[in-house]
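Protein chains in written order, with UniProt numbering: chain Z, 1 to 343; chain P, 1 to 271.
Note that these hints are calculated values from the structure, not bench results.
Treat each hint with caution, since some may be false.
Mimicking EDC-like on lysine to aspartate or glutamate, the simulated pairs with C-alpha atoms at most 20 Å apart in a straight line are [stated by the list, open to error]:
1) P:LYS37 - Z:GLU103
2) Z:LYS147 - P:GLU43
3) P:LYS104 - Z:GLU103
4) Z:LYS196 - P:ASP11
5) P:LYS7 - Z:GLU135
6) P:LYS7 - Z:GLU124
7) Z:LYS75 - P:ASP11
8) Z:LYS147 - P:ASP11
9) P:LYS7 - Z:ASP15
10) Z:LYS147 - P:ASP101
Below, each chain spelled out in residue letters.
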Amino acid sequence: MKHVQSRVTAQDYGDWAVEARGLVKTFGDNRAVDGVNLDVRAGTIYGVLGPNGAGKTTTIRMLATLLRPDAGSAKIFGHDVMKEPQIVRQLIGVTGQYASVDESLSATENLVIFSRLLGLGRTEARHKAAELLEEFSLTEAAKRPLKKFSGGMRRRLDLAASLIAQPPLIFLDEPTTGLDPRTRNQMWDTIRRLVKTGSTVLLTTQYLQEADELADRIAVIDRGRVVAEGTADELKASVGSSSLQLRTHNPQDIEIARQIVEKVLKVQSAVSPEGGKITAPMADVDRVTDLLIALRETGIRLAELSVQKPTLDEVFLTITGHGVKENTAKASDETNEVREARV
Amino acid sequence: MKSTSIKQVADRPLNNYVSLGQSARHSFTMAYRGLLKIRRTPEQLFDVTLQPILFTLMFTYIFGGAISGNVQNYLPVIIPGILVQTVITTSIVTGVQLREDMDKGVFDRFKSLPIARIAPLAGALLADTIRYTIATVLTFVMGYIMGYRPDGGLGHVIIAGLLVIVCSWTISWIFAFFGVIARTASSVQGISMIVLFPLTFLSNAFVPVKTMPGWLQWFVNINPISHLVTAVRNLANNGTFGWDLAVSLIGAAAIVAVFAPITVRAYMRRT
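Chain Z extracted, bound-state conformation:
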């Protein structure tokens, strides 16, 4: 109960866990991060959503003192990442996209070494390692070399290592990418439990659903910029809670159909890049009946109509006006698969 209280007070005082202003990082010609602002309130889960190469990892690396920003500033609990990096490191835990643990050592050895580095005594470190391994259901594999660990086990160990110092802010860079749906759900539970204990979590993800499930607030990032920010509900309201996809029998009808869609649903629609397919956000699925009646009255014949949960593609299409680059089309497919598996 104590934890819940501390979380409330943190929010009352309006403590900011992360304040980033105009962060820029350039690699050669590529402006990987191009003026990112982020404000993360202490005690919340904040999701940074975007496709591969949007600048999510680079942003996290700058906030975690692993990379020096070319311009802009960032504070972690009021401490500047460039002027007081050593203090910032005492306040954060970082779990990278690729497990940052020692492959050649066992799980216990890894945790003991990190604990010792964080100032724990020999026996304390042993206890801490055992405790965390149990917490993350890794006790049985404690002595096995990491080479034999599955992806999920590695991620869990990685997260465990980030929690040794009980940091008030935890960075999770794509914590579930590459995990199977079951392991992904376990990871989500773990992250939720973390925040209940009073931690602040900043996570990046390619999956809208993941951000939706976990995050209190979400920043959508594209080409190194934050293109939208808000609660999951606000974000979805801009995209619609579901998305309508419609293909007309006769391609010439597409403009008229589009006008009808926009009139009936009172939203902006988009014609998909492949052409011939209208996509529109939908706040209320019931409206689809009105739409169908209106289309019948105009005499437009439909080839296909479906109502789906919005995918990252549509969030992007709506917010940025351009689709997600090809490599993420695959990622959103995966999201759909996960959804199916969860139903």
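Given chain Z, work out where chain P should sit, using these hints.
Quick look at chain P alone, frame taken from chain Z:
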């Protein structure tokens, strides 16, 4: 969630600086990690076990007769020479392994921890002194088997061994620097060999200096490796501490003073 409950910001003593004591502690923990790795992959120790045996045998029997008349008389000359050459060559591996190690994700975690920046490097280098110790002991043992009986006595031989280990550790900072700035592990090996070959062979390690042309003698005499070899010979064969010992230690200190800071800085800048 007992172990993962968090400690709030206000409950933490925060300090932007790492004390010297903490830096040493962090380095020793990193050295412990290095030792664990060696225990896990003992094949890493092949070079330091085979090289002393092979080189000592080869060089002694090839050059012994030509240089000192017979193998027996050559031993007091060659054993200190081969010792320095072998152990310092071994320290190249330190740079190569550091390069390979740094490419792994775990170094990201080290960077994100509130530990001394020098610790991951110093620890790795410290752990490798185990390699130098193995090479040193094996060289002396090979010498003993072949009939080398140093007049300085066991105590002075041990001091000579320690001197070589300490100097190799300091020289390993040079290779660690190459390791940090190089793009691949094999290029570290390449650069290091180019630096090391002239240094070890253009010295008094294998042949008497007076047989060389004058211009070469000049270089050989200022070569720090020559001073180290002479210091080891004085210790092991005569049991005396001389000026060469002082030169070796001063040189060693200078190398660390220059290379440790620039290596750490290069390491910090690498992303």
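**OP:** Run the structure past the numbered hints and jot down the numbers of the failing ones, going up.
**Re:** 8
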